[in-house]
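Take a look at the letters that make up each chain.
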Amino acid sequence: MKAIKLIFRNALRHKLRTSLTILGITIAIIAFGLLRTVVTIWYSTVDATMANRLVTRQSVSFIFPLPFSYKDKIESIDGVKNVSGAVWFQGVYKDKSNFFARVAVDDNYFEVYPELLLSKQDFENYKKQRNACVVGSQIAKQYNFKIGDQIVLEGDIFPGRWEFEVRGIYQPKNKNTDATQMLFHLDYLNERMKEETPARANQVFWYMVQVNDPNRSAQISNQIDALFKNSTAETKTETEKAFTQGFVSASGAIITAMNWMSFMIIGIILLVVANTMIMSARERTREYAVFKTLGFSALHLTGLILGESMLIACLGGGLGVALIFPIVKGFEEAMPKGFFPFFFVEPITIVLAVIAILIVGLLAAIFPIQRALATKIVDGFRFVG
Amino acid sequence: MNGIIQVKNLSKSYWRNSLEIPVLRDITLDVQEGEFLALMGPSGSGKTTLLNLIAGIDRPTNGEVTVAGTNIAKLGESALAKWRSSNVGFVFQFYNLIPVLTAFENVELPLLLTKLSKSERKKHVEATLNIVGLGDRMAHYPKQLSGGQEQRVAIARAVVTDPVILVADEPTGDLDRKSAEEVLTLIDRLNKEFKKTIIVVTHDPHAAEKASRKLHLDKGDLV
Numbered sequence: 001m002k003a004i005k006l007i008f009r010n011a012l013r014h015k016l017r018t019s020l021t022i023l024g025i026t027i028a029i030i031a032f033g034l035l036r037t038v039v040t041i042w043y044s045t046v047d048a049t050m051a052n053r054l055v056t057r058q059s060v061s062f063i064f065p066l067p068f069s070y071k072d073k074i075e076s077i078d079g080v081k082n083v084s085g086a087v088w089f090q091g092v093y094k095d096k097s098n099f100f101a102r103v104a105v106d107d108n109y110f111e112v113y114p115e116l117l118l119s120k121q122d123f124e125n126y127k128k129q130r131n132a133c134v135v136g137s138q139i140a141k142q143y144n145f146k147i148g149d150q151i152v153l154e155g156d157i158f159p160g161r162w163e164f165e166v167r168g169i170y171q172p173k174n175k176n177t178d179a180t181q182m183l184f185h186l187d188y189l190n191e192r193m194k195e196e197t198p199a200r201a202n203q204v205f206w207y208m209v210q211v212n213d214p215n216r217s218a219q220i221s222n223q224i225d226a227l228f229k230n231s232t233a234e235t236k237t238e239t240e241k242a243f244t245q246g247f248v249s250a251s252g253a254i255i256t257a258m259n260w261m262s263f264m265i266i267g268i269i270l271l272v273v274a275n276t277m278i279m280s281a282r283e284r285t286r287e288y289a290v291f292k293t294l295g296f297s298a299l300h301l302t303g304l305i306l307g308e309s310m311l312i313a314c315l316g317g318g319l320g321v322a323l324i325f326p327i328v329k330g331f332e333e334a335m336p337k338g339f340f341p342f343f344f345v346e347p348i349t350i351v352l353a354v355i356a357i358l359i360v361g362l363l364a365a366i367f368p369i370q371r372a373l374a375t376k377i378v379d380g381f382r383f384v385g
Numbered sequence: 001m002n003g004i005i006q007v008k009n010l011s012k013s014y015w016r017n018s019l020e021i022p023v024l025r026d027i028t029l030d031v032q033e034g035e036f037l038a039l040m041g042p043s044g045s046g047k048t049t050l051l052n053l054i055a056g057i058d059r060p061t062n063g064e065v066t067v068a069g070t071n072i073a074k075l076g077e078s079a080l081a082k083w084r085s086s087n088v089g090f091v092f093q094f095y096n097l098i099p100v101l102t103a104f105e106n107v108e109l110p111l112l113l114t115k116l117s118k119s120e121r122k123k124h125v126e127a128t129l130n131i132v133g134l135g136d137r138m139a140h141y142p143k144q145l146s147g148g149q150e151q152r153v154a155i156a157r158a159v160v161t162d163p164v165i166l167v168a169d170e171p172t173g174d175l176d177r178k179s180a181e182e183v184l185t186l187i188d189r190l191n192k193e194f195k196k197t198i199i200v201v202t203h204d205p206h207a208a209e210k211a212s213r214k215l216h217l218d219k220g221d222l223v
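Residue numbers (our numbering), protein chains in the order written: chain A, 1 to 385; chain B, 1 to 223.
Among these hints, one or two may not hold up.
[To be verified] Keeping only pairs whose Cα atoms sit at most 27 Å apart, straight-line, the calculated BS3-like set for lysine-lysine is:
1) A:K15 <-> A:K5
2) A:K175 <-> A:K229
3) A:K2 <-> B:K122
4) A:K2 <-> B:K115
5) A:K376 <-> B:K8
6) B:K123 <-> A:K5
7) B:K123 <-> A:K2
8) A:K229 <-> A:K71
9) B:K143 <-> A:K15
10) B:K195 <-> B:K219
11) A:K81 <-> A:K71
12) A:K229 <-> A:K127
13) B:K118 <-> A:K2
14) B:K178 <-> B:K210
15) A:K329 <-> A:K146
16) A:K376 <-> B:K123
17) B:K143 <-> A:K2
18) B:K8 <-> A:K5
19) A:K329 <-> A:K73
20) A:K376 <-> B:K219
21) A:K376 <-> B:K74
22) A:K194 <-> A:K73
23) A:K5 <-> B:K118
24) A:K71 <-> A:K120
25) B:K210 <-> A:K5
26) A:K127 <-> A:K71
27) A:K146 <-> A:K96
28) B:K122 <-> A:K5
29) A:K2 <-> B:K82
30) B:K82 <-> A:K5
[Unchecked claim] Per the computed footprint, the stretches of chain A lying under chain B, defined by three or more beta-carbons under 8 Å from a beta-carbon of chain B, are:
31) 5-16
32) 370-382
Simulated from the structure, these hints should not be mistaken for laboratory data.
From the three backbone atoms N, C-alpha and C, an ideal C-beta is built for every residue, glycine too.
Can you build the whole structure from these sequences, using the hints too?
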């Protein structure tokens with residue numbers, strides 16, 4: 001108890017210096033938490049993929065379409081459970097800044113994506129109506145979409161005015177499930193293409209292929225691609241994870257830089273705390289000599305210095321960790337809506353922050369401890385700070 | 001008669017680069033139990049070094065220091081620290097109190113290394129502070145005390161564990177005449193009333209007058 005009291009009083013001896021150090025650690029931990037959140041969220045889109053889903057697209061690029069006719073052929077392969085076509089519609093909802101995914105899909109899309117939770121009634125209502133759409137709960141909340149609301153999109157990839165009616169709102173099954181999509185009937189898009197631009201009808205951008213056994217994914221991928229070898233639209237089939245990683249790696253340099261920056265911040269706070277501890281220990285050289293003279297051991301001195309370093313690191317770090325949540329929330333609100341399909345502090349971010357705080361507290365104390373223990377008592381008494 | 005402190009052929013040198021600087025040369029002396037010894041001499045004569053060696057806060061280059069039967073030159077660092085905590089009380093010229101601790105807590109510090117309970121420690125600390133006349137200043141921090149009061153707290157801290165010997169390095173060197181007199185009277189009382197073996201380093205003849213024996217050092221030799 002006495003030692004803890006002494007550690008607290010020592011830490012508060014220079015209130016301004018300690019406060020600034022604690023503030024520095026707090027800001028650094030918040031920055032660390034924010035950067036790590038962005039990085040982990042970026043990669044969590046990959047983690048959200050399912051092992052039993054494959055993506056079949058044109059081998060050149062997924063912006064080039066595949067014919068409807070491929071669907072039956074893919075379905076005929078042994079081990080394929082479901083095949084669902086999809087078209088990236090894009091379009092503009094009121095303003096270009098209102099970004100969220102708008103995708104035309106086959107009705108069995110919800111079977112391929114069981115993590116998109118849609119009530120049976122909503123799904124029946126959706127199926128019955130030609131221009132019906134289903135929206136994720138996050139964008140429903142953001143844009144105040146309710147069942148029966150009209151959504152009008154201005155088409156860009158598919159020009160024209162497109163009217164939809166909200167017939168269902170899906171809930172995300174998991175925390176990292178994308179709840180920012182608007183899904184509508186592929187038939188609705190296709191029928192209009194037949195009328196307006198027949199050359200673009202009966203096409204999808206990619207097929208989601210659900211397989212019975214994820215262990216056969218590679219084999220089935222090869223079988224699918226072999227089916228369309230030497231055709232006008234050769235395919236490339238890969239796991240959903242590999243497909244998503246392709247998108248993530250496109251931003252790889254920025255994410256890698258953010259990753260490095262987050263750890264560099266920890267290095268900076270280590271220097272800040274170490275500087276404070278070195279100054280404190282230097283000022284107390286005579287006091288440490290007194291402690292040694294009175295019979296206090298190296299272990300006692302180590303405890304005092306390490307305890308103070310840990311106290312400062314934990315106070316600043318604890319405050320930082322507590323503030324990560326509201327700051328991340330504020331950051332999310334400041335970002336363009338739908339920029340991130342989901343944005344939350346992953347537990348691993350907090351674990352890393354806590355580990356970083358403990359490491360900083362420990363490392364910052366090493367040099368002052370080494371110095372305090374190495375200084376002879378008589379030299380300590382001669383020390384003039 | 002063997003003294004409680006036996007110093008035999010004690011030498012101490014410091015090294016500056018490869019140059020040996022002898023500070024003490026072949027010192028031999030005995031201090032009897034209950035004796036009040038004053039070590040005198042000009043600056044640089046080696047009196048503080050001799051005191052540090054006897055108190056076990058410095059290591060001799062050659063020779064032996066035996067205190068209450070223990071040859072402290074042969075003790076390892078941790079054993080020596082433990083030995084100091086139970087055998088030696090220190091009083092410094094600049095008091096060296098811990099500024100963030102009250103007078104009570106400063107005096108209690110050496111007792112934290114003992115097995116005494118909290119209530120026993122409290123009893124010891126209060127009794128000791130009463131002896132040095134600071135029973136009403138227990139909750140005061142060093143900066144709230146005068147120099148003389150700080151030194152009396154330091155003396156209380158030095159004797160609270162009832163050590164075998166009390167060593168004081170220029171205990172009145174930083175005090176005004178009145179405070180110095182009070183401190184010297186207190187040290188004298190500890191010797192006469194409580195039978196403490198005391199070694200005081202001083203270059204002040206007045207301070208040395210209280211001692212039962214005076215030894216003079218000059219350039220590392222006893223003269």
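Straight-line alpha-carbon gap K376 of chain A to K74 of chain B, limit 27 Å: Holds, at roughly 17 Å.
Coverage of the stretch 5-16 of chain A by chain B, judged on three or more residues with CB within 8 Å: With 4 residues in contact (Cβ-Cβ under 8 Å with chain B), the coverage given for the stretch 5-16 of chain A holds.
Pairwise hint evaluation, K5 of chain A against K210 of chain B, where the allowed Cα distance is 27 Å at most: Violated, at about 40 Å.
K118 of chain B paired with K2 of chain A [C-alpha distance capped at 27 Å]: holds, 11 Å
27 Å limit on alpha-carbon distance, applied to hinted pair K143 of chain B and K2 of chain A: Given pair K143 of chain B, K2 of chain A holds - Cα atoms ~20 Å apart, limit 27 Å.
Restraint check for K15 of chain A with K5 of chain A, where alpha carbons must lie at most 27 Å apart: holds, 16 Å
Proposed proximity, K127 of chain A with K229 of chain A (alpha carbon, max 27 Å): violated, 35 Å
Proposed proximity, K5 of chain A with K123 of chain B (alpha carbon, max 27 Å): holds, 21 Å
Chain B over the stretch 370-382 of chain A, status - at least 3 residues with CB closer than 8 Å: holds (count 4)
Given pair status - K15 of chain A, K143 of chain B, alpha carbons within 27 Å: Judged against 27 Å, a Cα distance of about 17 Å means the pair holds.
Restraint check for K8 of chain B with K5 of chain A, where alpha carbons must lie at most 27 Å apart: violated, 44 Å
Holds or violated: K376 of chain A to K123 of chain B, with C-alpha atoms at most 27 Å apart: violated, 33 Å
Checked against the numbered hints above, the structure breaks hints 2, 10, 12, 16, 18, 19, 25 and satisfies the rest.
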